[in-house]
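S.K.: Here's the letter readout for the chains.
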Amino acid sequence: MDEKNNNMSRVWLPMILLICTAALAAGLANENRATPLPWFEAWSERVESKSGELGIRIAELPEAEQIVNDGIHFIFDARSAEYFEEGHLPMAMSLPETEFDDKCLEIAPMLIPEQEIMVYCSGADCDESLQVSKYLVEQGFTNVILFKSGYESWVEAGLPVEEGL
Amino acid sequence: MGRGRVAGGGRPLKVVLDLLAAGPRNGNPWIRVAAMLAAIFIGSLFVMAALPKIQDPLSFAKIIYHYKILPDSLVNLAAIYLPWLELACGTVIIFIPWWRAASGWLIAAMLVLFAAGMGSVLARGLDISCGCFSTSGEGETISGMNIVRNASLLAGALFVIWAHSGKRFRVTKTG
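Chains as they are written, first to last, in the numbering used here: chain A, 1 to 165; chain B, 166 to 340.
Source of the hints: derived by calculation from the structure; they are not laboratory data. The reader is advised that the hints may include incorrect statements.
To list a few chain B residues with every Cβ distance to chain A over 12 Å, as calculated [as the list claims (entries may be wrong)]: (1) S209; (2) A266; (3) I312.
To give an idea of the interface, some chain B residues facing chain A are shown, with a C-beta separation under 7 Å as derived from the structure [to be verified]: (4) L202; (5) I205; (6) S238; (7) Y246; (8) W264; (9) E305.
Don't be surprised by glycine CBs; every beta carbon is placed ideally from N, CA and C.
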């Protein structure tokens with residue numbers, strides 16, 4: 001019986017120690033980050049809340065369709081170039097989040113700060129359009145609109161797409 | 166070799182190998198070595214898997230969110246905590262032989278949870294990044310191979326646990 005208890009404690013005690021040590025390390029590491037990740041966050045409302053904080057307006061599908069038809073806005077596709085090549089909104093330009101710095105150098109001279117811009121990515125759960133919108137606002141652009149439901153909703157609605165770069 | 170006793174005859178490499186292969190119940194030398202190699206392999210994978218997630222918890226949180234399994238409010242908590250548990254278990258299973266059974270159980274539990282998560286993603290037909298060894302949203306997409314890999318690692322972890330617990334590996338000297 002004692003041996004059985006010893007065997008149990010030989011496994012359970014280190015397990016509890018490991019679990020607690022990991023929790024402590026995780027907490028300390030997160031709190032010491034330059035930008036700690038909030039412990040709790042409503043992820044399904046993240047795009048709305050972050051864009052609200054940044055002053056970026058959200059557009060739904062009907063408005064996005066109107067914007068595309070009007071042809072006044074610059075439209076940026078924040079997905080990777082491969083996805084862009086497979087299909088994108090008409091008149092959209094590829095501006096992947098990961099290549100923002102390089103691409104922005106090419107694109108920025110064509111734009112004035114008041115230029116109306118719409119950004120989208122794959123769907124309501126993607127984050128790239130929020131990041132690109134944020135970078136554009138940081139670059140001084142004041143009229144950035146985020147098409148939240150993105151490319152998936154556009155295709156699902158049967159609206160026209162373009163292929164290639 | 167028993168707990169706390171370092172054999173080695175003064176040769177540093179042998180001392181290190183004896184230390185890594187040490188354990189309370191592993192009398193059979195072949196099983197000791199096999200368990201040591203399995204522990205080092207699994208531990209290394211867990212450490213490699215943990216580091217990018219520790220560096221970029223936000224990207225890892227996005228990947229967890231895309232699994233659509235956890236409630237919103239637990240996504241960040243998991244993204245902050247899980248990589249550190251992976252790192253702790255991976256390090257301990259490599260370097261602390263006497264805790265291999267404990268870290269092996271935790272690793273096995275994590276592997277079962279991850280496989281269940283990936284199975285659920287496949288069942289729902291989601292096309293998302295695995296988040297196994299990278300936090301890139303365009304990294305390795307979840308497929309049946311991920312579950313097979315997890316099952317293989319689970320078998321390895323169970324072997325390490327088996328080799329480090331119970332009485333069956335005690336050497337019985339006769340004669």
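S.K.: Does each hint hold? Answer for all of them.
M.R.: Results of checking the hints against the structure:
1. S209: Holds, since 17 Å exceeds 12 Å.
2. A266: violated, 5 Å
3. I312: Consistent with the label, I312 (chain B) stays out of reach of chain A, its closest Cβ about 23 Å off (over 12 Å).
4. L202: violated, 21 Å
5. I205: violated, 18 Å
6. S238: At 5 Å from the nearest chain A Cβ, S238 (chain B) passes the 7 Å test, so the hint holds.
7. Y246: holds, 5 Å
8. W264: This hint holds: W264 (chain B) lies near chain A, its Cβ roughly 4 Å from the closest one there, short of 7 Å.
9. E305: E305 (chain B) check fails; min Cβ-Cβ to chain A is 15 Å, beyond 7 Å.
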